[in-house]
Amino acid sequence: MRPDTHHNGSLAVTVLVSVGRHPLTGRGRRADQDARGVELARTLTDAEVELWHAGRLDEGSEAALRGYLGMGFDSLSLLEQPAGGDVLPALAEALEAAGPQLVIAGERAEQGEGSGLLPYLLAERLGWPLVSGLAAVEDVAEGVATLLQALPRGQRRRLQVRLPAIVTVDAAAPAPRQSAYGPARRGCLDVQAAAVMDDADMAQWQAQPARKRPKRLKIVKAASARDRFKAAAAKAEGGGGQVLTDVTPEEGAEAIFKLLKEEGVLR
Amino acid sequence: MSDIVRRDPRKEWIARNRLHPQHLEVLAELGQGAASEWMGPSGLLRKNPHAVGFIGPNGMKRIDRSGVQQGAAGGGGAAKSAAERKPLVEIEAPAFLVAVVPDMAGGRLTGHDRDLLGLARQLADADPAARGAVLAVVFGEHKEDDFEGAGVDRLLHLTGPEFDGFSPEARLGALVAMDLAWTPRHWLLPDSKLGGADLGRRLAARLGERPATGVWQLEADGEAPLGWRCIARGAAGTLDFQRAVPRLVLALAECAEPVSETRHAAEPLALPEALPSQLSRIQDLGQVAVDPAGVALSEAEFILSAGNGVRDWDAFHRAAEVLGATEGASRVAVDDGFMARDRQVGATGTWVTARVYVAVGISGAIQHLQGIQTCDKVVAINMDPGCDMIKRADLAVIGDSAKVLEALVALVEQSREEKRNAA
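For the record, the sequence lines run as chains A and B. The opening position of the first sequence corresponds to residue 46 in this note's numbering, with each subsequent residue numbered one higher. The opening position of the second sequence corresponds to residue 12 in this note's numbering, with each subsequent residue numbered one higher.
Where hints are given, some of them may not hold.
In the DSSO-like style, the derived pairs of lysine-lysine whose C-alpha atoms are separated by at most 30 Å in a straight line are [unchecked claim]:
id : chain 1 : residue 1 : chain 2 : residue 2
1  : B       : 204       : B       : 414
2  : A       : 266       : B       : 72
3  : B       : 402       : B       : 154
4  : B       : 72        : B       : 154
5  : A       : 266       : B       : 154
6  : A       : 275       : B       : 430
7  : A       : 257       : B       : 204
8  : B       : 97        : A       : 266
Simulated from the structure, these hints should not be mistaken for lab results. Since we're looking at a predicted model, the values are computed, not measured.
Looking at chain B on its own, in the form it has when it is part of the complex:
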């Protein structure tokens, strides 16, 4: 085949003539598709305004000038490609390591953990000539799938029965083994009640390092031994200490911006030697059932919330009791007198932070959706498939809420019965 371009003047003429019956076929053949702009034969830019845009779902022509939806099939695809479009940063031979031990509450990175990883990235990327790698240590099973986006270069995942529950001694042993094996330049832990504060202080005592606790700001400082200085809260939050950054830092939430613009490798690592088994002097007997009604709505972990769609209130209260959920309500249910005012969820009631929020018969007014903004997982049971709560929910069941709740209660009781029989 020769690479001389053969021209077909007739086809070119048809392509120029948009009234020609074969116009669209010829355009597709020439590879111009539904192009709205092309270079004319005389070097003039020709435009076809009729080919601009696309037909929207309700049959009207929509013009999207951002160019996002031109080729993409739908919103989900566009979002995914946006995540893939983030540049991937790989650090092959790191100059040093920044070790981070996230809390992983509920098996996922918390907002605090992400802030901490952002802080770790600041420390690791400060010197472009000698970049460090961020090493995250995760104990036990996790459900997180976005370590890459959170800024983790290396991931050490330690599983086993010895790391389950409250196991500070086993975890401390693993961290000390890590310190021996890799000697990270920085240790970062969240100063939080979820476990980071406890583990960090144990590590500090074992390593003999004096940590900076309650750190909320970090600045470069050439005179400090590690090249950084920090501001740390002390004296029950009434004093700020300005000091050089030590090896071990316990940082508060919002200490840095989380990573958002890059992806990282999150390459799995393993400890060079197996951990020695050790006798634990603290035995975890498991969590104790607490009265869910006694837990404040704003800090409840699991909320079953009722709205206008609930008719059988006795069944709802029974479901909350069986599931062990704290009860919430929408404004309508409270105004109608079915629930107490202190149970109202939403902008005018309580802003909740539950990990799982089950909305029964709530359509999802904007004030209510604001109140549940920080909830992790939202489950909706509703009759109306078009309501806003369904759009927000991670799992939505369309159907009669009373029947679904009844079936759910039966399931939970059945599984408890099986467990009791097995034990």
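Chain A with its partners taken away, still in its complex shape:
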């Protein structure tokens, strides 16, 4: 991470945090991706970072939210929402009023529907660009952020986006720091009233604990016993591969080079 000193004035960053769920015990905790987002915001120099949460304040969620405060924050704004409500209007109105330059969120929640749609809906409503699956923010200068996006297979892509923007954080982003107990106790949760909207659609769905997905069977669609036997006994074969015999090393290398180029693995 390169520290940047180019921009003047501080960068207003808002991190949207949610209450996570421990995969084994089911207890409330910092949501993994949101905590990574907070960590990402912490690594930005000259940034004024605010934490926002839309939801209910109760025993289970308070411990989780204080976990974020323990990453070095004095306060967290909490937009009061009922359980099972649609938090989009409240967050959109609050973001419009506050006008941050950069909004950081996790990719999807660990509770509820967890569809990962909220950042997209916010971006659509505010008319801001959105970049998903971030690994790092490299630089913010003159209203343009240079970002590093995580791709599958450990690859990275560099993007530039005009601020204000919404970004979501991938699991490849740096791991969050440990939450310190003292600051977590001392920090204050600033509860604010906000618009409330019911989620009527979701009330109609039936939720049940995730069932193990059936494993796909290898079905051999063969007409005759001979084909079935061949499918069961045959070794994996590419079939119809090109074999170059009696070629000079240069010709062989040329053929391999051409294939690598076609596949686009050479940079």
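For this one, chain A is given, so just place chain B on it according to the hints.
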């Protein structure tokens, strides 16, 4: 010419007498060839067991009772005719459209894409009286040649510089234009990190549809608005939601069986109006070179793997560095101490999923071949033309691996040099 059948009793007699010196010629003349069965003059079925089968490559007579190889010249021809034998399904006037946006990672349909197309076929073919058509949208150049076999009825191929790289805004614009032009009944996208999850959610936000995400099962349901209900994963994979299928579905891998028994038209389509050019607020600066050694072997995209045939290990490591490939090894190379244990590819080591796998001096033990089962393209460099790795490889070079690698490194460096000079 009269159509009265003229019989030649003498020839018939020769055809019956297989000891006659002219027997085979006469058989060919009568159009019976090397027939092993024919109807005798008295109405009795006659058999010639000596004419059954064919002479195999090593001079022994082989009898193939499946009947596959009777007329076919070789294995390749038989496989091709099998593909052509699949019935072609054409849907002239579809009742509705099912739009699918495959990921096309590396320019080809991924397994996930094929599953999704299978799901699309389920939706399209549910009502035989009013069948829908599956419309696939492909952005940028592709290398796929089997859209027909994957179950695509209509293919919209959009190319142009604006769709290259990470271009969600241009792609979204095209999908919205499609929605206006044809109003597909269903939109299906893969819920994958390769781009489908991102594009699908953007489309949902733009169209104002609430999508079903993480869908892994679909069932017909007469009470639902679109006639289907689905099971969708939620809450970080801990909950299953049962709900009616909305217009837009983001489905997980293995949501349905891929199409395997039919061929489809894959008829090219074009958008009725040209797409308006739009200003992109996200600029793609290209992929960043990552340290290939830092990428886990199981998810590396490009692997250069060494085996017993490699003698010059410094040259091998240098080649991996120049090519930007992650290093792998066969068990022998690891046991001999040339490579670390965590680099071992195969059933006892790591099962790799690389797109391109270059095997240098690896003969291809069955455990190793199991480990590279899911690799797309396998390149083999080997001295022995008869080894199993050559049979598996898409491209095999027979020769000294050290020299071929050296030439390859020289080529890559030369092309980089040219690029640098041109820039």
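Practice task
For the pair we were handed, residue 266 of chain A and residue 72 of chain B, check the Cα-Cα distance against 30 Å.
Solution key: 29 Å, holds
Practice task
For the pair supplied as a hint, residue 402 of chain B and residue 154 of chain B, confirm whether the alpha-carbon distance does not exceed 30 Å.
Solution key: 23 Å, holds
Practice task
Verify the proposed pairing of residue 266 of chain A with residue 154 of chain B, using a straight-line Cα cut of 30 Å.
Solution key: Given that 30 Å is the threshold and the Cα spacing comes to 27 Å, the pair holds.
Problem - Given pair status - residue 204 of chain B, residue 257 of chain A, alpha carbons within 30 Å - result: Cα-Cα ~22 Å, so holds.
Exercise for the section: Would you check the hint for residue 72 of chain B and residue 154 of chain B, treating anything up to 30 Å between C-alpha atoms as holding? Expected result: 42 Å, violated
Handout entry: Restraint check for residue 97 of chain B with residue 266 of chain A, where alpha carbons must lie at most 30 Å apart
Key = 13 Å, holds
Handout entry: Satisfaction of hint between residue 430 of chain B and residue 275 of chain A, Cα-Cα up to 30 Å
Key = Judged against 30 Å, a Cα distance of about 48 Å means the pair is violated.
Handout entry: Hinted pair residue 204 of chain B and residue 414 of chain B, Cα distance within 30 Å
Key = Violated. Residue 204 of chain B to residue 414 of chain B sits at ~39 Å, over the 30 Å cutoff.
In summary, the structure is inconsistent with hints 1, 4, 6 from the numbered list given earlier, while agreeing with the others.
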